[in-house]
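Peer 1: Here is what each chain is made of, one letter per residue.
Protein chains: 2
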Amino acid sequence: MNIVSVKASQSYDVVIGRGLIASCGEYIKKVTAAKSFAVVSDDNVDKLYGDIVEKSLKEQGFEVCRFVFPHGEASKCSAVLNDIYMFLTENHITRSDCLIALGGGVVGDITGYAAATYLRGLDYVQVPTSLLAQVDSSVGGKTAIDLPCGKNLVGAFKQPKLVLCDIAALDTLPRDFFIDGMGEVVKYGMIKSSELFDILSGNDIDSIKNILEDIITRCVSIKRDVVEADEFDKGERMLLNFGHTLGHSVEQHYNYTGISHGRAVAVGMALITGRAENKDLCADGTLDKLTACLKRYELPFSTDIPVSKLADACLNDKKRAGGSIYIIICSECGKSSAVKMSIDEFMQFIG
Amino acid sequence: MNIVSVKASQSYDVVIGRGLIASCGEYIKKVTAAKSFAVVSDDNVDKLYGDIVEKSLKEQGFEVCRFVFPHGEASKCSAVLNDIYMFLTENHITRSDCLIALGGGVVGDITGYAAATYLRGLDYVQVPTSLLAQVDSSVGGKTAIDLPCGKNLVGAFKQPKLVLCDIAALDTLPRDFFIDGMGEVVKYGMIKSSELFDILSGNDIDSIKNILEDIITRCVSIKRDVVEADEFDKGERMLLNFGHTLGHSVEQHYNYTGISHGRAVAVGMALITGRAENKDLCADGTLDKLTACLKRYELPFSTDIPVSKLADACLNDKKRAGGSIYIIICSECGKSSAVKMSIDEFMQFIG
Numbered sequence: 001m002n003i004v005s006v007k008a009s010q011s012y013d014v015v016i017g018r019g020l021i022a023s024c025g026e027y028i029k030k031v032t033a034a035k036s037f038a039v040v041s042d043d044n045v046d047k048l049y050g051d052i053v054e055k056s057l058k059e060q061g062f063e064v065c066r067f068v069f070p071h072g073e074a075s076k077c078s079a080v081l082n083d084i085y086m087f088l089t090e091n092h093i094t095r096s097d098c099l100i101a102l103g104g105g106v107v108g109d110i111t112g113y114a115a116a117t118y119l120r121g122l123d124y125v126q127v128p129t130s131l132l133a134q135v136d137s138s139v140g141g142k143t144a145i146d147l148p149c150g151k152n153l154v155g156a157f158k159q160p161k162l163v164l165c166d167i168a169a170l171d172t173l174p175r176d177f178f179i180d181g182m183g184e185v186v187k188y189g190m191i192k193s194s195e196l197f198d199i200l201s202g203n204d205i206d207s208i209k210n211i212l213e214d215i216i217t218r219c220v221s222i223k224r225d226v227v228e229a230d231e232f233d234k235g236e237r238m239l240l241n242f243g244h245t246l247g248h249s250v251e252q253h254y255n256y257t258g259i260s261h262g263r264a265v266a267v268g269m270a271l272i273t274g275r276a277e278n279k280d281l282c283a284d285g286t287l288d289k290l291t292a293c294l295k296r297y298e299l300p301f302s303t304d305i306p307v308s309k310l311a312d313a314c315l316n317d318k319k320r321a322g323g324s325i326y327i328i329i330c331s332e333c334g335k336s337s338a339v340k341m342s343i344d345e346f347m348q349f350i351g
Numbered sequence: 001m002n003i004v005s006v007k008a009s010q011s012y013d014v015v016i017g018r019g020l021i022a023s024c025g026e027y028i029k030k031v032t033a034a035k036s037f038a039v040v041s042d043d044n045v046d047k048l049y050g051d052i053v054e055k056s057l058k059e060q061g062f063e064v065c066r067f068v069f070p071h072g073e074a075s076k077c078s079a080v081l082n083d084i085y086m087f088l089t090e091n092h093i094t095r096s097d098c099l100i101a102l103g104g105g106v107v108g109d110i111t112g113y114a115a116a117t118y119l120r121g122l123d124y125v126q127v128p129t130s131l132l133a134q135v136d137s138s139v140g141g142k143t144a145i146d147l148p149c150g151k152n153l154v155g156a157f158k159q160p161k162l163v164l165c166d167i168a169a170l171d172t173l174p175r176d177f178f179i180d181g182m183g184e185v186v187k188y189g190m191i192k193s194s195e196l197f198d199i200l201s202g203n204d205i206d207s208i209k210n211i212l213e214d215i216i217t218r219c220v221s222i223k224r225d226v227v228e229a230d231e232f233d234k235g236e237r238m239l240l241n242f243g244h245t246l247g248h249s250v251e252q253h254y255n256y257t258g259i260s261h262g263r264a265v266a267v268g269m270a271l272i273t274g275r276a277e278n279k280d281l282c283a284d285g286t287l288d289k290l291t292a293c294l295k296r297y298e299l300p301f302s303t304d305i306p307v308s309k310l311a312d313a314c315l316n317d318k319k320r321a322g323g324s325i326y327i328i329i330c331s332e333c334g335k336s337s338a339v340k341m342s343i344d345e346f347m348q349f350i351g
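Sequence order for the protein chains is S and P.
Heads up: the first sequence at position 110 corresponds to 110 in the working numbering, and the numbers run straight through without jumps.
Heads up: the second sequence at position 107 corresponds to 107 in the working numbering, and the numbers run straight through without jumps.
Simulated from the structure, these hints should not be mistaken for laboratory data.
This one's a predicted model, so the numbers in the text were calculated from it and none came from an experiment.
Among the hints, a few may not be true.
[Stated by the list, open to error] Only some residues are given here: those of chain P computed to face chain S with a beta carbon under 10 Å:
| hint | residue |
| --- | --- |
| 1 | R18 |
| 2 | T89 |
| 3 | G150 |
[Unchecked claim] Residues of chain S clear of chain P, computed beta-carbon distances all greater than 10 Å:
| hint | residue |
| --- | --- |
| 4 | G50 |
| 5 | K58 |
| 6 | E277 |
[As the list claims (entries may be wrong)] DSSO-like, lysine-lysine: derived pairs with alpha carbons at most 30 Å apart:
| hint | chain 1 | residue 1 | chain 2 | residue 2 |
| --- | --- | --- | --- | --- |
| 7 | P | K209 | P | K279 |
| 8 | P | K151 | S | K151 |
| 9 | S | K151 | S | K30 |
| 10 | S | K234 | P | K35 |
| 11 | S | K30 | P | K340 |
| 12 | P | K151 | P | K47 |
| 13 | S | K209 | S | K55 |
| 14 | P | K151 | P | K340 |
| 15 | P | K30 | S | K340 |
| 16 | P | K30 | P | K7 |
| 17 | P | K295 | P | K279 |
| 18 | P | K340 | S | K35 |
| 19 | S | K35 | P | K234 |
| 20 | P | K279 | P | K309 |
| 21 | P | K7 | S | K7 |
| 22 | P | K35 | S | K340 |
| 23 | P | K151 | S | K35 |
| 24 | S | K340 | P | K29 |
Glycine included, every Cβ here is placed at the ideal spot set by N, Cα and C.
Sequences are here, hints too, so could you generate the full structure?
Peer 2: Dropping the structure here:
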């Protein structure tokens with residue numbers, strides 16, 4: 001079992017190990033004075049772990065109520081959020097009680113946002129059950145819901161009291177979702193750790209499962225370092241967007257249904273690294289190393305969408321921040337920086 | 001013109017004076033780097049001041065868009081909030097732009113909440129146009145919307161960049177709303193300032209209008225002191241609830257439509273002070289002084305609702321905080337403290 005301590009405006013531990021869900025009550029008891037808990041989950045995850053979490057909490061003498069919504073990104077909306085609020089009032093959840101987000105990124109984002117806003121904020125604990133949520137959305141305090149016109153447009157910064165990453169939960173994760181999470185794992189190696197990148201390059205989608213505790217700990221530690229340096233997303237945190245600018249355009253092209261987030265990020269990383277190598281902005285062979293690594297995890301590294309179309313979508317997205325755009329470039333595997341480009345420079349860079 | 005500086009997690013000035021709305025652009029330019037502004041208002045206030053605000057902002061070279069919703073508490077809901085979010089995306093409002101809340105408490109609360117959550121937060125400026133909003137909701141950083149089952153159940157702490165209290169706006173305020181605001185003004189005198197209380201007791205609803213700049217400055221300064229000591233509402237800030245516990249029960253009894261907030265608070269202050277005097281918890285004559293003052297501003301100080309019914313409603317509300325209840329008592333006009341009572345003690349106290 002590993003513990004990564006995060007020092008944000010509110011400090012908390014990320015515990016990474018096997019079998020944490022079954023004993024979650026013991027861990028949670030240590031971090032909150034709450035006596036009543038609302039466990040929020042989706043139908044897929046609730047079926048697998050809802051009863052186990054409830055049992056563990058009740059063993060500690062806690063009151064427990066459970067709210068379950070349909071799985072999928074479509075649930076990360078204001079209608080489900082309002083249902084959660086109503087559920088909390090009906091179950092007399094107060095400011096001194098606690099929410100538990102049991103599930104993947106959608107559950108974590110919307111539950112965290114409910115915890116940030118219901119009664120102007122109460123405690124919450126993250127129990128991420130997907131690889132993507134364990135390495136990404138469970139750390140950093142970003143919570144959100146989607147609007148009909150865009151993802152994550154409404155949200156708040158809200159740090160959890162505790163994050164429990166149960167490796168065992170990944171045993172029940174469909175292969176497809178596991179691959180998706182590996183996209184973000186490779187990203188962490190690329191932006192901050194040649195050591196992690198080398199481990200990934202020496203394993204594959206099967207063998208990596210034997211060392212997940214170490215892998216997830218490394219990813220969470222990297223995200224922790226970045227987030228501690230930039231809690232409110234004003235600088236350093238941009239590095240986490242490596243592969244995301246073009247990746248988001250790929251996702252958008254398929255209306256967020258044709259390709260999963262991690263796979264789109266994989267494509268985005270490969271595209272941007274190819275451009276960077278053409279312009280001598282990174283060491284020779286970086287793209288080869290990256291694509292070889294992506295292949296090991298069955299992740300894509302190219303797309304049929306014309307790159308000019310993707311670039312247009314980027315600008316449409318990013319011009320929101322003014323007349324320039326920040327692109328994250330890895331000068332080698334394990335080292336990244338943000339490069340500010342004018343719109344013209346960006347279009348020329350992308351080709 | 002007076003300025004009260006508030007030092008919260010984000011510091012800002014409350015400017016109190018006559019004619020501020022017409023030159024709001026100049027003031028706002030000094031506190032934000034934003035170039036685009038979304039002015040949120042209700043139909044009543046927009047009619048009176050919307051064009052004036054837009055003109056002043058445009059004189060500074062700013063882009064302006066305006067969102068107007070129907071006046072009244074019923075608009076402080078998630079449906080109107082979602083309309084605001086959609087309006088902001090349609091008008092390409094970004095994280096570096098700014099919202100302006102132009103109106104009373106409802107406008108201030110929902111606009112502040114939108115500013116706290118849209119894109120995880122952007123700048124906002126309060127231009128409160130009612131007496132109640134100028135002395136109460138515009139200072140302190142509490143933002144919220146209502147749920148069908150209760151008021152202010154969803155919200156966030158979000159400090160504005162600036163508050164402009166234009167005394168001239170009170171000239172157009174219906175007499176009924178002016179009286180309502182005076183309920184909270186008397187409260188400030190009672191909890192923290194015998195000097196303010198004496199001034200109020202030496203004036204009436206007509207003469208007070210000649211010294212509003214001084215009166216509002218005193219109220220805002222008191223609220224500032226209390227809020228600075230307790231930004232996130234964990235202690236001192238409770239004093240602001242003087243008269244509110246029973247007052248809320250009165251409002252609730254009439255389904256929040258039969259009596260206005262300030263009037264209900266007036267009744268609550270009188271009821272609690274009567275009980276306190278009976279139990280020798282305050283100086284003799286305190287209730288007489290309070291009721292005499294309330295009369296001067298045409299505020300009520302009694303109710304036909306049986307006090308046992310009000311007490312039950314209090315408990316239903318406050319047992320949410322555990323097995324005890326905090327009651328604010330003024331030992332004399334200008335001095336207050338919070339007294340923790342068990343449920344039994346409270347019922348005995350109320351009689």
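Peer 1: Which hint numbers doesn't this structure obey?
Peer 2: 1, 7, 9
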